[in-house]
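Trainee: Quick note, the sequences are listed as chains A and B, same order. So the first sequence is numbered by the working numbering: it starts at 1 and just counts up by one. So the second sequence is numbered by the working numbering: it starts at 1 and just counts up by one.
Be careful, since some hints might not be right.
Claimed, not checked - Chain B is nowhere near these chain A residues, computed Cβ spacing over 10 Å in every case:
| # | residue |
| --- | --- |
| 1 | Asp32 |
| 2 | Gly73 |
| 3 | Phe93 |
| 4 | Lys100 |
Stated by the list, open to error - Mimicking SDA-like on lysine to any residue, the simulated pairs with C-alpha atoms at most 20 Å apart in a straight line are:
| # | chain 1 | residue 1 | chain 2 | residue 2 |
| --- | --- | --- | --- | --- |
| 5 | B | Lys40 | A | Val84 |
| 6 | B | Lys104 | A | Arg124 |
| 7 | B | Lys66 | B | Gln92 |
| 8 | B | Lys40 | A | Ala56 |
| 9 | B | Lys156 | A | Glu85 |
| 10 | B | Lys104 | A | Leu112 |
Hints listed in this document are in silico derivations from the structure and should not be mistaken for laboratory results. Ideal placement from N, C-alpha and C gives every residue a C-beta, glycine not left out.
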Amino acid sequence: MKFNHACKLILKNLFLIFILTSGVHGNENVNDKVKKLTLELRCMTCQNQSIYDSDADFSIDIKKLVKQKFHEGKTESEIKKFLVERYGEYILFRPLINFKNLFLWLFPFTILAIVTVFLIFSARKK
Amino acid sequence: MKRIIVISPLIILFIICLFTLFYIIGNKDPNKPPSALLNKNLPSFTSKSLFDNEIILTDNDLRNKKIIINFFASWCTPCKVEHPLFFELAEQYPDLYILGFNHKDAAKDAKNYLKDEGNPYTFVGVDKDGLIALDFGVFGLPETFLINEKGKIVYKYMGPLTDKIIKDEIQPRL
Chain A
1 MKFNHACKLI LKNLFLIFIL TSGVHGNENV NDKVKKLTLE LRCMTCQNQS
51 IYDSDADFSI DIKKLVKQKF HEGKTESEIK KFLVERYGEY ILFRPLINFK
101 NLFLWLFPFT ILAIVTVFLI FSARKK
Chain B
1 MKRIIVISPL IILFIICLFT LFYIIGNKDP NKPPSALLNK NLPSFTSKSL
51 FDNEIILTDN DLRNKKIIIN FFASWCTPCK VEHPLFFELA EQYPDLYILG
101 FNHKDAAKDA KNYLKDEGNP YTFVGVDKDG LIALDFGVFG LPETFLINEK
151 GKIVYKYMGP LTDKIIKDEI QPRL
């Protein structure tokens, strides 16, 4: 009888610990996600500072919003889309890879290709 | 001649770079990025009146109207600078709906501000937690939006309005 009671008590405690630690772990997870995402977002009112690093009113609001959205189960790309729809791509430090930005992404490779061709031709001539 | 042909790719590249540079920096103030909401529909919102909690305004109430939306607060010094210009607009365009959103402000302070400076707004909505501003992509006060009868945002200005901005940018769109 006593053994059964002790077992129940241990199980209850283990369950309680599991619930509490999973909550803390979940929060840590969300905080990590918020940090990761807000490091990629530009503070619109600061000079080249990320939302994560900034204590400006605007940044505090966005950090709260991002946290809330993660709690609601939104993904990183959904939150980014939400912010870009309102603040434009300017809010992202890294421009999106889309047709509009294709030139931006391909430009360094274009230069590299042209310079390589130029160097090969001049080397051959020499 | 051969030399020119050899270096011509570099010249073309240089010209492309130059055009790109002018395109990127030309007429663009990095502190005032273009609004992502330009030519998009007015975001949906619900706001209580600053003067009467019972009166609620939504975006649906503003259909088929020319609207100026101004985000302001009593603590915002530049807002005071542009404030008299809204009286001029209200006088010149009686049909213009001037909607003021009182952003992150204490109701008492906002009421005192409008008592001291006067109230040019058709409706003053409360945006206590800043969520409406967030939907409008606002990141600093004051900010002003112009919405046409079709409900599209046709102009946005960040910072205090001036006579020149009203004359050059707002009036032609009204």
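Trainee: Now tell me, hint by hint, if it's right for this structure.
Mentor: Hints, verified against the model:
A cut-off of 10 Å between C-beta atoms confirms that Asp32(A) is not in contact with chain B; the least separation is 24 Å. Here Gly73(A) stays apart from chain B, with its beta-carbon at least about 19 Å from theirs, past the 10 Å limit. For Phe93(A), the shortest C-beta to C-beta distance to chain B comes to about 13 Å, beyond the 10 Å cut-off, and the non-interface label holds. No beta-carbon of chain B is positioned within 10 Å of the beta-carbon of Lys100(A); the least distance is around 13 Å.
Note on Lys40(B) and Val84(A): the hinted pairing holds, with a Cα-Cα distance of about 13 Å set against a maximum of 20 Å. As the CA atoms of Lys104(B) and Arg124(A) are separated by approximately 68 Å, the hinted pair breaks the 20 Å bound. As the CA atoms of Lys66(B) and Gln92(B) are separated by approximately 13 Å, the hinted pair is consistent with the 20 Å bound. Distance check on the hinted pair: Lys40(B) and Ala56(A) sit about 28 Å apart at the alpha-carbon level, beyond 20 Å; violated.
The suggested pairing of Lys156(B) with Glu85(A) holds, with an alpha-carbon distance near 15 Å, which does not exceed 20 Å. Of the supplied pair hints, the one linking Lys104(B) and Leu112(A) is violated, its CA atoms being roughly 50 Å apart against a limit of 20 Å.
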